[in-house]
Amino acid sequence: MDLGQINPILLLASLMVAATPILLAAIGEAVVEKSGVLNLGVEGMMITGAVVGFAIGVNTGAPSIGFVAAAFAGAALSMLFGVLVLYLKSNQVATGLGLTLFGLGLSALIGKPFEGIKAPTMAKYEVPLLSDIPALGPILFRHDPMVYVSLIIVALTWYVLARTRAGLILRGVGENHDAAHALGYKVIRVRLMAIAFGGACAGLGGAYISLVRVPQWVEGMTAGAGWIALAIVVFASWRPWRVLLGAYLFGGISVLQLNLQAAGVAIPVEVLAMSPYLITILVLVVISLRGNHGAPGSLGREFHATH
Amino acid sequence: MIRLEKRPQPSKFWAAVTPILAVIATMIAGGILFWMLGKAPLEAIRTIFWDPLFHETFGPYSRPQLLVKAGPLILIAIGLSLGFRAGIWNIGAEGQYIMGAICGAAVGLAFYPSDNVLIFPAMVLAGAMGGWAWAMIPGVLKVKFGTNEILVSLMLVYVAENILASVSQGLLKNPDGMGFPGSRNFRDFPAAHNTDLIEGTGMHWGVAAALIAVIFAYILLTRHMLGFQVRLTGEAPRAARFSGVSPTRLILFCLGASGALAGLAGLFEVSGPSGQISIDFNAGYGFTAIIVAFLGRLHPIGILLAGLLMALTYIGGELAQLMLGLPGAAIQMFQGMLMFFLLAMDVLSHYRVRWKTPAAAQEGAK
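Chains as they are written, first to last, in the working numbering: chain A, 1 to 307; chain B, 308 to 673.
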């Protein structure tokens, strides 16, 4: 065992990489839930994003095109959910589960020819000047562009939700869809857009795993990241900045356990590998002790306009 | 203009017809999918749904497999359906299935190579307890702290998979296995082996247990107070609370029962068809059972039929893989599509679809 070989700077830098997929998926799902819809299909949209992003990235040789395609794939899949839940009034929990099962099958089917291929590398972007700061530079400012994109998405989400009229309408629809409908807002349309945003974010998050983090296509490679993203939304009380905090905390845990595995700590590998899931459960328990403050009022409820 | 009108009561007619419509729609969409994969669509559909049962060469081999595959699916889905009816979402059956298999197999292996007749019953008990205990974790957390059971039960699947990886390479590894991962094979341990009850039919103890579970669930839901409370909580949660249904009791019962049944399914699988604890003995039955439960309308008889149909797609899928080179993942997607079509058509049983001209709609608004 040699803990000395764990470099704290590298650890913190890889934390941001490990957290990015979950951060993207969680911020998207936070918006969906803010609009009053519970989409349990995050895992399915992530894995579809992962395979589509990888396939397009490999075929074009440009990871950035892969990311765009992944966002579209995630959004397209989420529209399936949206139509079922919003227009055909299906049960949200069951439909979300169905989306996950469907996405896992779809991704396995698309991904077969891409097994064992390496993804084109995405160039790191070193922020001028800032990346030369000792310690902070390598940790914060020498990442691939998607890390910064994810942070920008979080900031924009916060701004739109908290400071704009569109955000106010979205929150209103989520808090009380009957009241919002009575005021003349298009509940279904707002929710459909929120679901599409959530799907696109989940797709980006999935593509980040297959194009940057691993970077390969392996069947079932998201390994519960989508579900952890759902847990982080609860942990964050549906607030964008806390989603960021939750995702980075979680990224820290998963990177730490990988480093401990590599350092050969006397804890069995399986115990380390299950630790992120156990910690997620623990966090959920602690959060529920406090009570679910901040859950949107209409979350998961069916909306049916009679007029 | 199409308008949906909520029915005061879900239509019994449409509830029975929609699963059949969904299967037909899935066959059509599946045919298009197979055609896009460059296979003859009709041949693929026939290979999946017809050949496993009636083909001269494959039938005799495939027919017993139908029960082998349907057994665990039905057993798990029956348990899940109780919770789903009451709005208690145990989606971690896969984990409970694994833990049941591990606990049951451990009890059996501890007595190797004894030939005591009590070994198998003890394993069955341990399997059920293992699954039950694993499901009690989300149950107790939900009751005590209000923690979301969907996320906890699902997280525990990944924990169980890691435990499985650990024991198959450590605690339960075959001491005579020359270092290969995986436990002793139950085929070489007659007292603990879950064999065919009737030779060559695939009818093992797990299938018998599934049939018993169907009957018990039917009686529970139609004739017993607890079953009534489950149904009431699902259909009218507020009324259930006023009439004094204890949510705590219901949550623990539903999660416990589904966990125990999933654990049983795991034990029967590991001691029979799969034969040993190995890293990947679990075939995702815990997740497919969710589709089975919905396809069967959360009704015991429906689940029995849905389980058989889903088992058919598994076997037919394998056959199509062999005969037509259809990718195995296509079947997984096929099953996912079925769930979607089913949920989409559900609208017909909960709503009336009305065609209204804009003028008539105006009239209605007045």
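Calculated directly from the structure, the hints in this document are not laboratory data. Do not rely on the hints blindly, as some may be mistaken.
Per the computed footprint, the stretches of chain A lying under chain B, defined by three or more beta-carbons under 8 Å from a beta-carbon of chain B, are [unchecked claim]:
{"id": "1", "region": "88-98"}
{"id": "2", "region": "229-235"}
{"id": "3", "region": "270-279"}
Ideal Cβ placement from N, Cα and C applies to all residues, glycine included.
So, going through the hints one by one against the coordinates:
1. With 9 residues bearing a CB less than 8 Å from a CB of chain B, the region 88-98 of chain A meets the requirement of three and the coverage assertion stands.
2. Chain B is given as covering the region 229-235 of chain A, and this holds because 3 residues of the stretch bring a CB closer than 8 Å to a CB of that chain, at least three being needed.
3. Here the region 270-279 of chain A counts 6 residues with a CB under 8 Å from a CB of chain B, which clears the bar of 3, and the coverage holds.
Checked against the numbered hints given earlier, this structure breaks none of them.
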